[in-house]
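S.K.: Residue numbers (the working numbering), protein chains in the order written: chain G, 1 to 95; chain V, 1 to 495.
Careful, some of the hints might be misleading.
Said to hold, decoys possible - Computed far set for chain V versus chain G, every beta-carbon distance over 10 Å:
#1 T25
#2 R148
#3 D258
#4 E279
#5 E399
#6 W491
Said to hold, decoys possible - Selected chain V positions facing chain G (Cβ under 10 Å, derived; list incomplete):
#7 V317
#8 Y334
#9 V424
Think of the hints as simulated: they come from the structure by calculation, not from any bench. We treat Cβ as the ideally placed atom computed from N, Cα and C, and that holds for glycine.
The primary structure of each chain is shown beneath.
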Amino acid sequence: MSVDRDTVRRIARLARIALPEERVGAMEKELNGILRWVEQLQEVNVEGVQPMTSVVAQKLKMRDDVVTEGDQAEAVVANAPQSEDNFFLVPKVVE
Amino acid sequence: MSGALTDFTLAEAREALRGKKVSATELAKAHITAIEKSRSLNAFVTETPERALAMAKESDARIASGQARPLEGLPLAIKDLFCTKGVRTTAGSNILNNFVPPYESTVSQNLWDAGAVMLGKTNMDEFAMGSSNETSAFGPVFNPWRARNSNQNLVPGGSSGGSAAAVAACLALGATGTDTGGSIRQPAAVSGIVGLKPTYGRCSRFGIVAFASSLDQAGPMTRTVRDAAILLRHMASVDPRDSTSVDVPVPDYEAALDKPIRGLRVGIPKEYRLDGMPEEIEAIWRKGAEWLKAQGAEIVDVSLPHTRYALPAYYIVAPAEASSNLARYDGVRYGLRAKGADDLIDLYEKTRAEGFGAEVKRRVLIGTYVLSAGYYDAYYTRAQKVRALILRDFVQAYETCDVLLTPATPGPAFAVGSKSDDPVSMYLNDVFTVTVNLAGLPGISVPAGLTAEGLPLGLQIIGKAFDEATVLRAGRAIEEAAGFAAKPSPWWRAV
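Extracted from the complex, chain G is given alone in its bound form (with noise of 0.2 Å):
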């Protein structure tokens, strides 16, 4: 499988990662070079092997859904490029 110019623009939206039109064939070059690559998995006889979900066979741990480090909405915002009354700021959304 390849990707061709189209692709590479479509999933570079979906990264929501701004791809300038002069890099699109460039993007596209390097990611088939990878997807060549790794095309190589296809020889492999996977019939009947279940997908590796977890490396160590451990019960997933659960624990009571209660807050446990609440109240700390300063600290939360203080990487903010922009804040106010500890709300995070975004360019209007709705009109």
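We have chain G already, so just place chain V on it with the hints.
M.R.: Chain V only, in chain G's frame:
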């Protein structure tokens, strides 16, 4: 013990502090000076001398009052992937270049609770994606080692390249690293130091900037195997904040080191003999087997038939997980925010285009593609099935052996810039290390000798899950037999 305080091993420094032959403050100052004089290596992104001196002062008070903790006063460097409360943590990326965590990673907290002293944060490949430290937004790190009669700068490996260079150049007694496909063991091998990747789940991942969550694991980088054993004990813990940390008690790895390896069954996997592998790598591997045999180990031929599929499987699984993990960098909650965005989507797209470097973008796009509708089963599910087969290979091999012996890397350190144009050729650096991550197993790289050009090579010991004690013991047997005592000449040191 030699002259300079920075030449101490971690174990020697511990003895000297306990015996009050040196103070924690003296030890910290010696390292701070060494770091200042070694800025040409670019090993550190952030130096924290004031914090180091404050911590050393507390250590001296504790030693004086007989309340020393296990790592009291020992100066360490921390890879800039571990969140450190109040100290900038960048993950080697522009997108986090002003991020100051309001919390501490569990691994680094464990080290401070044991009395260790923080010297600073080390340079690394951006988001730990790289094998040469050249993808860092803060510039490449140079390997303290150079080929004989050469002035060419070599890479220290990656992604934990700053940690490897700092330990090899004696700027810290030890450092933390993280290993997703070889990022502790490969830089350790090409920088002439010891690097241990523990079993997945041995160290908590809480507070470590996530790359590929099913593969990432923290571990120690040190100048001796004993030092790695000492650090691992205090990095590892069972952590309620990481649901994948495993409930297995942390043993005293150091105490287990001195048990002889007589009777240990050492597997040699035939698939690790690659076409076109340099003769020097073959030779050191053979030598390693002879060293272990001479100490009473039994050498067994084993087969890991799916080895060659490990790297391609990794380059599906790791980018897939990365594309999901890195979705959080949106320019809203922390980190860089692009200027001049028209709307929210535009803000995301511009921020991520400005903030991520080329390799990170490549991997996020590959990951997005293999997880997208219509391709998920063909790529991701298939890769996870291959991963199950790779683990099965190891389980079957361990029916006839206790550990495996392999080369750590396919070659020595290479020149800065020599592999950056071809992503796949760069990926091949991890050919011997990546299988271990996919199977979640522990592995150690130990310096084993020098090439004809005078560059270090490492050997890798791979163990069974949670059997770091045996991995360390076999690593120490290699270390003793190799008698690796070479040091890089300090060309980088300012006078």
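S.K.: Now look at each hint and say whether the structure bears it out.
M.R.: Taking the hints in turn, this is what the structure says about them:
1. Distance to chain G confirms V/T25 as a non-interface residue, since its nearest Cβ pair spans about 32 Å, more than 10 Å.
2. At roughly 35 Å, the least C-beta separation between V/R148 and chain G is larger than 10 Å, which holds for a residue marked as non-interface.
3. The Cβ of V/D258 sits about 29 Å from the closest Cβ of chain G, beyond the 10 Å cut-off, so the non-interface label holds.
4. Residue placement check: V/E279 keeps its beta carbon more than 10 Å from all beta carbons of chain G (closest about 26 Å).
5. No Cβ of chain G approaches the Cβ of V/E399 within 10 Å, the least distance being about 17 Å, so the stated non-interface status holds.
6. The non-interface label for V/W491 is consistent with chain G: the shortest C-beta to C-beta separation is roughly 35 Å, beyond 10 Å.
7. Hint status for V/V317 relative to chain G: holds, with the closest Cβ pair at about 9 Å, below 10 Å.
8. Hint status for V/Y334 relative to chain G: holds, with the closest Cβ pair at about 4 Å, below 10 Å.
9. Annotation: V/V424 was flagged as interfacial toward chain G, and the flag holds, the nearest CB pair being 5 Å apart, inside 10 Å.
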